[in-house]
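Protein chains in written order, with the working numbering: chain A, 8 to 145; chain B, 8 to 145; chain C, 8 to 145.
By construction, these hints were calculated from the structure, which means they are not laboratory data.
Mixed in with the good hints there might be a few duds.
Since copy identity is lost for identical chains, a pair holds within one copy or between any two.
[Unchecked claim] In silico BS3-like pairs for lysine-lysine, Cα to Cα no more than 25 Å straight-line:
1. 19 x 41
2. 81 x 12
3. 41 x 81
4. 32 x 81
5. 12 x 41
6. 25 x 12
7. 32 x 19
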Amino acid sequence: MIYGKRITLSTKGFSDIKNITGEVKSIVSHSGIKNGLVSVFAIGSTASISTIEYEPALVEDMRQQLEEFIPASKHTRHSQTWGDDNGFSHIRATFMGPGICVPLSEGGLVLGTWQQIIVIDHDNRPRSREVFIQVMGE
Amino acid sequence: MIYGKRITLSTKGFSDIKNITGEVKSIVSHSGIKNGLVSVFAIGSTASISTIEYEPALVEDMRQQLEEFIPASKHTRHSQTWGDDNGFSHIRATFMGPGICVPLSEGGLVLGTWQQIIVIDHDNRPRSREVFIQVMGE
Amino acid sequence: MIYGKRITLSTKGFSDIKNITGEVKSIVSHSGIKNGLVSVFAIGSTASISTIEYEPALVEDMRQQLEEFIPASKHTRHSQTWGDDNGFSHIRATFMGPGICVPLSEGGLVLGTWQQIIVIDHDNRPRSREVFIQVMGE
Chain A
8 MIYGKRITLS TKGFSDIKNI TGEVKSIVSH SGIKNGLVSV FAIGSTASIS
58 TIEYEPALVE DMRQQLEEFI PASKHTRHSQ TWGDDNGFSH IRATFMGPGI
108 CVPLSEGGLV LGTWQQIIVI DHDNRPRSRE VFIQVMGE
Chain B
8 MIYGKRITLS TKGFSDIKNI TGEVKSIVSH SGIKNGLVSV FAIGSTASIS
58 TIEYEPALVE DMRQQLEEFI PASKHTRHSQ TWGDDNGFSH IRATFMGPGI
108 CVPLSEGGLV LGTWQQIIVI DHDNRPRSRE VFIQVMGE
Chain C
8 MIYGKRITLS TKGFSDIKNI TGEVKSIVSH SGIKNGLVSV FAIGSTASIS
58 TIEYEPALVE DMRQQLEEFI PASKHTRHSQ TWGDDNGFSH IRATFMGPGI
108 CVPLSEGGLV LGTWQQIIVI DHDNRPRSRE VFIQVMGE
């Protein structure tokens, strides 16, 4: 069995981090699939998916770390060529990767108690961000 | 067909790197599945899964690199707020991601000769770490 | 249904970035599978898979970023021990991870318009690089 759904989120950019665990659980529940894999994939080249303990202090630490690694002010050939000033967003996204797969077992996502699924929107402006959830199994 | 199993490892923390290729192969063998995907997923928000040439010198290089990127001494809001001093562990884990999928073909994991599957436990103490292996295919 | 194929690429090393979206699409098309997951996995311990907006300026930015993070000149125990001078390649590869899964929906890869699938060969020499594409679904 396969059940896929696209969700849309409002994001603020600059590595805005949103907890989408609830949305993923809801889609899994709606799919009726109990065991298998759940792929969570960010559509577009300026966002990433990962997991985190979603609490405000750590979310801010993670955003700061990304800013330290690859500053929004970083001079890039991409921004210079295209004038859209989001070269740093692309580099952050490619480095972290576009998606993850979470195991699904006996109807539940296999996650730790303090482990939430997040989308990080690295783009340099507020936008509507699409994430695809693919549930596959039985 | 789907076959999932949770394994438990003793880890030392501070990005302790353990080779779990043998455990994954054993679970795949036990599943009877010959072709498909094998998801290897770290349960919890302070560990990562990746691959490496598992030899002691490189394992030490990788640990040192993580320490250079995000030092264990790094001041974080998370540690300040919760007093558990493992903010760096979380940041390392979110950056590297919680899991990977390895293709399974004709009964064998599709890996290079010097490519092993590892769990990296970034936490700041020895602990018992759980990893979920989900084998899906036919 | 499961359909797997190994492709071979000529790479130049030092985080040479190749767009393999066309190859992946072609394999998906040949598989006849319309919905499911497509695993793209780099065989070996010195390459990574991710996505990027594949245009020359950004590709160069990404290569430069990797060089800034983990310079090819970096002294590593691995290179010292084995004399093959590619410790930096391994560290880059383990950090970024060996593969991704892309959802497949109604016959098409779920990718953004400017989002291409890439292999990054971090090794320190031109070589032949193998990537495994596993299509699973119905």
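Verification of the hints:
Taking the shortest alpha-carbon separations for residue 19 and residue 41, neither the intra-copy value of 34 Å nor the inter-copy value of 34 Å comes in at or below 25 Å. Neither within a single protomer nor between protomers do residue 81 and residue 12 lie at most 25 Å apart by alpha-carbon distance, with minima of 35 Å and 39 Å respectively. In this assembly of identical chains, the alpha carbons of residue 41 and residue 81 never lie at most 25 Å apart, being 45 Å within a copy and 41 Å across copies at closest. For a Cα distance limit of 25 Å, the shortest separation of residue 32 from residue 81 qualifies neither inside one copy, at 37 Å, nor across copies, at 34 Å.
Both within a single protomer and between protomers do residue 12 and residue 41 lie at most 25 Å apart by alpha-carbon distance, with minima of 17 Å and 15 Å respectively. Proximity of residue 25 and residue 12 under a CA criterion of 25 Å is satisfied intra-copy only: 18 Å inside one chain copy versus 30 Å between copies. In this assembly of identical chains, residue 32 and residue 19 lie within 25 Å of each other by CA distance solely inside one copy; the values are 23 Å within and 32 Å between copies.
Of the hints listed earlier, those the structure fails to meet are numbers 1, 2, 3 and 4, in rising order.
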